[in-house]
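Number of protein chains: 2
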Amino acid sequence: MTKWSAAKRFFIGNPLPTEHLAYERLSKIQALAVLSSDALSSTAYATEEILLVLVVAGSSAINLSIPIAIAIAALLAIVAASYYQTVHAYPQGGGAYRVVKDNLSDNLSLLAGSSLLVDYILTVAVSISAGVAAITSAFPLFTPYRVALGVILITFMTVVNLRGVRDTGKVFALPTYLFLISMFVMVIVGLVRYFFLPQTISWIAVSVGTTESVQGLTTFLILRAFASGCTALTGIEAISDGVPVFKPPEADNAGKTLLAMATILITLFLSITILVHLYRLTPVEGETLVSHLAHEVFRGAPWMYYTVQVMTALILLLAANTSFSDFPRLSSFMAIDGFMPRQMAQLGDRLVFANGIITLGVLASLFIIIFGGSTHALIPLYAVGVFISFTLSQTGMVKRWLRLRSPNWRHHATFNAVGAFTTGIVLLVVITTKFIHGAWLVLVLIGIMIYAFKSVHRHYETLAAQLRLTHWKHPERLEMKHHKVVLPISGVHRGTIKAVKYARIIADDIVAVTVDLDPERTKKLQYQWAQWHNDIPLVILPSPYRSVVEPIVRYINNLFSEEEGVWITVLMPEFIPARWWHHLLHNQTAFLLRSALLYRKHPANRLRVVTDIPYWLRR
Amino acid sequence: MTKWSAAKRFFIGNPLPTEHLAYERLSKIQALAVLSSDALSSTAYATEEILLVLVVAGSSAINLSIPIAIAIAALLAIVAASYYQTVHAYPQGGGAYRVVKDNLSDNLSLLAGSSLLVDYILTVAVSISAGVAAITSAFPLFTPYRVALGVILITFMTVVNLRGVRDTGKVFALPTYLFLISMFVMVIVGLVRYFFLPQTISWIAVSVGTTESVQGLTTFLILRAFASGCTALTGIEAISDGVPVFKPPEADNAGKTLLAMATILITLFLSITILVHLYRLTPVEGETLVSHLAHEVFRGAPWMYYTVQVMTALILLLAANTSFSDFPRLSSFMAIDGFMPRQMAQLGDRLVFANGIITLGVLASLFIIIFGGSTHALIPLYAVGVFISFTLSQTGMVKRWLRLRSPNWRHHATFNAVGAFTTGIVLLVVITTKFIHGAWLVLVLIGIMIYAFKSVHRHYETLAAQLRLTHWKHPERLEMKHHKVVLPISGVHRGTIKAVKYARIIADDIVAVTVDLDPERTKKLQYQWAQWHNDIPLVILPSPYRSVVEPIVRYINNLFSEEEGVWITVLMPEFIPARWWHHLLHNQTAFLLRSALLYRKHPANRLRVVTDIPYWLRR
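Top line first, the protein sequences correspond to chains B and W. Sequential numbering from 365 applies to the first sequence in the numbering used here. Sequential numbering from 365 applies to the second sequence in the numbering used here.
Honestly, the hints are just simulated from the structure, not real lab data. Check the hints yourself; a few may be wrong.
Copies of one chain are not kept apart here, so a pair can be met inside one copy or by any two copies together.
[Claimed, not checked] No more than 20 Å apart at the CA atoms, straight line, and that leaves these computed lysine-lysine pairs for PhoX-like: (1) Lys865 x Lys848; (2) Lys763 x Lys465; (3) Lys865 x Lys845; (4) Lys763 x Lys611; (5) Lys465 x Lys818; (6) Lys620 x Lys392.
Modelling step: build the complete structure from the supplied sequences, incorporating the hints.
Structure below.
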């Protein structure tokens with residue numbers, strides 16, 4: 365075992381046999397925990413993002429957070445209802461990519477796919493940033509290291525996912541429910557204090573509300589606050605993607621779970637927004653709004669405050685973790701369809717799509733580094749991808765109902781049409797209001813990705829065409845009339861003796877060639893060659909510019925033009941050093957010659973074979 | 365022509381034919397300029413380095429600069445006289461490495477060689493730093509960019525030297541003599557003003573002299589000042605290394621030039637030290653001492669000041685440039701002797717030792733970066749190597765006279781013995797006084813280099829022993845009783861058809877193998893294979909851990925244990941994409957399999973041949 369593979373084993377564990385591949389089926393209670401962490405965790409930042417926009421328009425504008433939150437809650441209900449349809453229509457899992465590919469077109473499915481991929485990357489970046497913010501709010505000591513903390517967390521999650529997460533249901537259930545409990549306790553305690561013990565609340569937080577407005581309250585600003593709050597919807601599609609993990613009857617259980625999740629999400633999001641409003645809190649630098657709220661609510665019970673913070677950080681980590689299964693899975697689908705490199709669909713040692721996991725880890729870390737680990741800076745990029753995929757997927761569903769005309773199709777189609785229309789409008793709002801703040805970047809990225817996916821697909825298609833056995837125009841060109849072995853040598857030694865032995869077996873026509881760099885050495889070589897192999901001609905190639913590769917390549921190309929139908933095997937005696945650093949002490953001529961013969965374009969390429977005849981050194 | 369080679373041509377020019385290799389012979393006037401820039405340029409910083417040590421002991425200590433400078437001048441005379449002997453004894457060029465190898469031992473020659481190599485690197489680093497300091501003294505605007513400036517200058521010199529410097533005599537003569545003229549003009553003008561017009565001198569510079577001593581004046585401190593000043597001796601050996609470039613009679617001309625250089629160097633160094641003393645100058649931050657002196661002397665004639673600065677910078681660049689011929693030349697000698705990688709002795713496109721030039725450029729840049737481009741920080745590292753090679757080379761000469769007993773050998777031996785003894789003592793002083801300031805690092809480096817050189821030599825020796833045709837114990841092990849072709853495939857396509865055609869030519873026993881990753885695909889493959897090549901067996905290898913490489917390697921190793929005397933050719937159908945990025949879209953299985961078969965240790969290695977049967981894609 366090499367050092368490299370020992371390290372690999374240590375970090376990600378021993379390889380698992382393919383037969384261990386089996387789905388773990390989840391109960392509704394477990395599935396709710398596994399599949400909704402992404403959606404539920406967004407309550408940790410959605411309210412704050414709304415207020416961050418409104419706050420520039422002064423204290424009166426802040427009151428608008430309640431109607432905006434209600435609008436978002438309504439949107440949430442509509443989208444959930446739409447996806448309820450999808451769950452039943454696609455019990456095998458109805459991700460936007462698949463729904464769009466089935467019902468609309470390949471191009472639109474690439475748009476949906478790349479939107480989702482960007483969104484998965486952003487889910488990791490945003491959730492990790494928000495999780496780090498929850499930690500640094502409680503422990504401000506760590507604030508300067510938030511980028512490093514974020515990258516460390518992502519690296520850790522990458523390694524954990526490369527090992528493969530077993531028993532996810534049990535692992536996920538606990539923190540998710542603890543998060544929900546701690547949040548609802550906070551809401552209840554907060555409301556009780558507000559209505560029954562208002563004298564115990566310190567009203568010191570009312571600071572920004574008293575300042576004058578910096579900017580007028582425009583419709584645009586309200587829409588932008590709404591768009592920022594729409595990040596609450598991210599992750600809502602997770603259940604419809606994951607129908608097959610439910611215990612049977614899958615679709616029914618998934619549908620019920622989806623409704624439960626939507627109800628919890630709407631309740632929690634509205635409660636937090638209302639509580640923040642009642643406590644007259646506004647965003648401050650260095651502490652998250654939820655942390656601020658928990659501080660106020662649990663004044664006198666710091667352990668409850670820390671519980672909320674830790675649970676928030678944990679659920680955000682879980683949310684990020686969902687992308688580590690979504691991204692590789694979608695990538696593998698797209699790789700199977702030929703839009704991504706095939707390696708994305710390759711199961712690694714531990715039965716996970718290792719390449720997808722690593723790609724996600726690297727890209728999310730890049731986002732964290734580029735945006736300085738700031739949730740607020742990342743938010744404008746977020747939600748664009750989600751709403752593109754929402755709109756496309758609902759539109760696809762409408763097309764599906766119109767096509768299938770199954771019982772109740774009008775009813776179903778109406779639901780999805782309302783969903784498609786609403787999310788389409790929201791998409792326009794999101795793009796318009798966040799364009800200069802970062803949405804443009806997402807659109808550019810999606811454009812580049814679609815172009816790349818199409819290029820990859822074209823390559824695989826032309827590859828298949830070039831390798832296909834049917835309609836092969838010139839197979840006769842490969843007929844071998846004569847086989848010649850060319851043996852480049854620079855000295856006569858055990859390695860060349862071995863090469864000659866081999867050459868005699870595979871061909872009758874053998875020629876040795878050497879490049880004349882030093883007349884004295886060449887003379888000595890000629891003498892030695894004549895002693896050992898005087899039946900094999902040795903051609904001396906001049907090299908006025910001291911290149912070894914060029915004269916040999918030219919010589920071989922000339923052989924092709926001299927004789928029709930000749931196949932040439934270039935037999936390269938190559939000694940393999942015993943230690944890696946010994947490679948540095950040799951000229952790598954064999955490597956350079958091999959590259960020149962294989963990778964340079966030449967009409968005779970197809971009749972050229974390169975053989976390494978290795979001679980192993982023991983020391 | 366690829367993009368890479370086009371860029372290479374643009375920067376370093378077209379390749380030159382070997383026949384253009386010819387030595388340019390230099391007249392004494394030219395040779396003085398070419399070979400003494402290193403030695404002469406050290407006057408730009410040697411005086412300052414002495415004062416920087418003394419200044420910590422207060423104003424009275426500064427007066428010691430004169431006796432210290434005289435001691436260094438005497439040392440210079442002794443060393444020059446010693447080398448005068450070497451010039452006549454080694455008209456073919458008597459570098460320390462060769463002299464020590466001839467007269468002492470291989471191990472000591474490695475010590476001399478590595479000392480010299482370290483010194484050449486430091487010559488570049490120190491001269492470039494001092495040259496940059498001359499520029500930033502005149503134009504303080506550039507001070508913050510001194511590291512970048514240094515690296516840019518080194519890169520520029522690397523490229524110029526990779527092109528190959530033709531007509532060096534003419535190019536070097538002008539700046540060297542202009543430097544000497546401007547320095548001597550400064551000295552004369554300075555003395556005239558001091559003795560005849562003292563009222564025109566502003567005595568503002570007398571600042572440090574009035575402060576109290578920070579540290580007692582100890583013998584150690586005096587010795588350290590002396591050791592720092594000994595950097596004035598660096599480069600004095602250049603003429604003895606370069607005897608063959610002189611016009612005949614080479615030794616006579618070289619000897620005369622050496623004496624002329626020593627005289628000029630001693631005069632200039634003493635003059636500058638005395639003038640600095642008379643003008644009561646002490647080192648200040650941000651301006652070199654020579655710049656300070658030129659400012660004072662040429663008060664009222666700024667153009668003269670700028671001339672001195674520009675000439676100083678130029679001669680320092682030339683000094684650095686001498687290392688760009690010395691380092692690659694010495695490396696090539698050591699490579700020919702088998703102590704350095706052979707590539708160091710390989711003439712590049714432009715008839716220069718390109719690998720040595722690049723190595724020097726990279727290492728010198730590293731030193732500049734690590735030491736922040738500060739001459740003063742680099743000086744303690746400097747001179748250690750010079751004095752090791754001085755001492756060894758003079759000792760070698762003594763041994764030589766004792767051995768040869770040529771006419772006047774007693775006389776000659778005495779001269780060299782005095783040289784060896786004096787430089788040996790100075791070496792001890794340099795190491796002791798500068799040890800903690802950086803000399804230790806040089807000693808560590810030299811130790812590592814000697815170890816590396818010996819390892820390289822051992823490798824080349826065992827390599828030769830392993831390849832030698834005489835005393836070959838088991839050549840019969842290579843007898844081929846049976847030749848089998850193993851053809852790993854993952855599908856049936858034009859590439860495999862070509863491979864089978866080739867396999868049929870080179871062997872009668874062919875077996876195709878495939879790794880079963882997906883039962884469905886394997887079944888399809890079996891069917892197709894039977895259609896196209898039903899006479900060739902297809903072996904299906906199970907792979908519980910989804911590895912493609914491992915089952916094939918194990919299968920092949922088993923074949924060896926099953927049959928005595930079998931040679932196996934692993935024939936790998938490999939398609940070569942039309943564009944570089946297409947490589948990313950394939951699994952690189954061929955590459956991994958090839959590495960595993962060639963580089964992993966296995967008893968059957970010697971009977972294993974790997975053949976790439978390429979199929980070129982057009983698009």
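Cα distance capped at 20 Å. Does Lys620 pair with Lys392 within a copy, between copies, both, or neither? Answer is within; shortest intra-copy Cα gap is 8 Å, inter-copy 99 Å.
Within a copy, between copies, both or neither: which one fits Lys763 and Lys611 at a CA-CA cutoff of 20 Å? Result: close neither inside a copy nor across copies, 29 Å intra and 93 Å inter.
I want to check one pair: Lys865 and Lys848. Are their C-alpha atoms no more than 20 Å apart within a copy, between two copies, both, or neither? both (15 Å within a copy, 15 Å between copies)
How do Lys763 and Lys465 come out at 20 Å by Cα distance, when the copy is not named: within, between, both, or neither? within (12 Å within a copy, 88 Å between copies)
Within, between, both or neither: how does the pair Lys865, Lys845 come out at a Cα-Cα threshold of 20 Å? between (23 Å within a copy, 12 Å between copies)
Classify it for me, Lys465 with Lys818: is the Cα-Cα distance of at most 20 Å met within a copy, between copies, both or neither? within (14 Å within a copy, 65 Å between copies)
The structure shown violates just one earlier hint, number 4.
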